[in-house]
Amino acid sequence: MHELAITQGVVDAVTERTGSAPVAVVRVRVGRLAGVVPDAMRFCFELVTAGTPLEGAELEIEQPEGRARCRSCGRNFALPDPVLLCRCGSADVEVLAGRELGVASVVMAEPAG
Amino acid sequence: MCGTCGCGEADVRVELLAFGPDRSGGPDRSRGPDQEEPAGHGHRHEPLTGVVDIETALLAKNDHLAGHNRAWLAERGIVALNLMSSPGSGKTSLLARTIAELTPSRPVSVIEGDQETRIDAERIRSTGAPVVQINTGAGCHLDADMLARGLAELRPPDGSLVFVENVGNLVCPALFDLGEAARIVVVSVTEGEDKPLKYPQMFSVADLVLINKVDLLPYVDVQLPRLVAHCRAVRPGVRVLPLSVTTGEGMAAWCDWLLTCDPVRR
Ligand SMILES: Nc1nc2c(ncn2[C@@H]2O[C@H](COP(=O)(O)OP(=O)(O)OP(=O)(O)O)[C@@H](O)[C@H]2O)c(=O)[nH]1
Ligand SMILES: [Mg+2]
Ligand SMILES: [Zn+2]
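In the order they appear, the protein sequences are chains A and B. Offset between the first sequence (1-based) and our numbering: plus 1442. Offset between the second sequence (1-based) and our numbering: plus 281.
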């Protein structure tokens, strides 16, 4: 369950920026090849936000698809799993997208009253 | 410990196993790499409204601490190697045998990561090498802060080799940079030839794959070339060394590889 440590990182990254102000929505980016399970992250989010300014916030997870470029033939293609192989047979493949793992933004809660 | 986020890893234990009268001075934490600051997250107080951009990598804190470790190790010419695998692939057995082959030509010490017990550290201690046991409690991986704490306890000599045996787990440790010179993934033939495809994240960060227990190949339905091909499908061109800790086959090539390791990641 490294998702627990990762999700703790969400709270740290947000509170470092927004301090004790209550947060309504947290938008994270978890690429399909990042090795983090979104459902596990959702589960951990409730646990680690309890008693923090993120408590009760909605967690929005954007999941960018994997994309790669072949350095041998120049082809740009979808990468559904981390097996790095181009149709031309080359394994000299650069991953362009899908490994994202970060907090994009938050929406602050409306001040009460 | 930070009141806001609860960071501080309260249930992690780091323990140097006693091994000689000459090191009775007690650990000097200041000699280790910078560790996690106990408090002082920058809390801002101006009113924030609407959408606020954060754009922070989730492992930023770990990666930052890993950078400290890497610099600390490089300054001292210490080579730290991170061994990762599923439980029981033979990491501790490999280390015990490797220590026996390398000493006294090179000072070697070990940091053992397990959720519980000092069993592996005791096995290493019986080889005579200095060893620190880190028990992660509920944690399923070592992180850069734990390694910093381990190094502060261990105080490895300049120019030495430090093996870090990560928690037996083929998933989580892959994501956490420790500041190591190289990542070594150990897979034993009894685990089957499809492991690299099922756990691509782990194999995709490997600088070296050791295929252990080749003495058991006659008894399992595993084709070595296929296992190697699967490693390279997720980590193109990765160096793969088959070996058997039990018979010693392949140990010489492994020890030769160790000689080529620089403190800084290539
Ligand atoms: N046949 C055979 N058995 C081995 C070999 N290497 C290790 N073993 C056995 O595999 C078992 C597990 O070895 P360990 O060294 O404890 O494995 P580990 O990876 O350190 O295990 P954890 O720390 O629990 O993850 C032990 O019973 C070893 O004797 C080998 O090359 N051949
Ligand atoms: Mg072990
Ligand atoms: Zn191609």
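None of these hints come from the bench; they were simulated from the model. Be careful, since some hints might not be right.
[Said to hold, decoys possible] Straight line, CA to CA, 20 angstroms or less: simulated SDA-like cross-link-like pairs of lysine to any residue: (1) B:K479 to A:L1501; (2) B:K479 to A:A1482; (3) B:K479 to A:R1541; (4) B:K479 to A:V1537; (5) B:K479 to A:A1492; (6) B:K479 to A:G1461; (7) B:K479 to B:P506; (8) B:K479 to A:E1488; (9) B:K479 to B:G518; (10) B:K479 to A:E1507; (11) B:K479 to A:S1462; (12) B:K479 to B:A510; (13) B:K479 to A:G1508; (14) B:K479 to A:M1550.
It should be emphasised that the depicted structure is a prediction, and the values quoted were computed from it without experimental measurement.
Consistency of the hints with the structure:
1. B:K479 to A:L1501: violated, 28 angstroms
2. B:K479 to A:A1482: holds, 18 angstroms
3. B:K479 to A:R1541: Within the cut-off at roughly 17 angstroms; holds.
4. B:K479 to A:V1537: holds, 19 angstroms
5. B:K479 to A:A1492: Violated, because 34 angstroms separates the two Cα atoms, which is more than 20 angstroms.
6. B:K479 to A:G1461: violated, 40 angstroms
7. B:K479 to B:P506: It holds: about 17 angstroms lies between the C-alpha atoms, which stays within 20 angstroms.
8. B:K479 to A:E1488: violated, 29 angstroms
9. B:K479 to B:G518: Holds, at about 19 angstroms.
10. B:K479 to A:E1507: Given pair B:K479, A:E1507 holds - Cα atoms ~19 angstroms apart, limit 20 angstroms.
11. B:K479 to A:S1462: violated, 41 angstroms
12. B:K479 to B:A510: holds, 14 angstroms
13. B:K479 to A:G1508: holds, 17 angstroms
14. B:K479 to A:M1550: Roughly 40 angstroms between the alpha carbons, so the hint for B:K479 and A:M1550 is violated.
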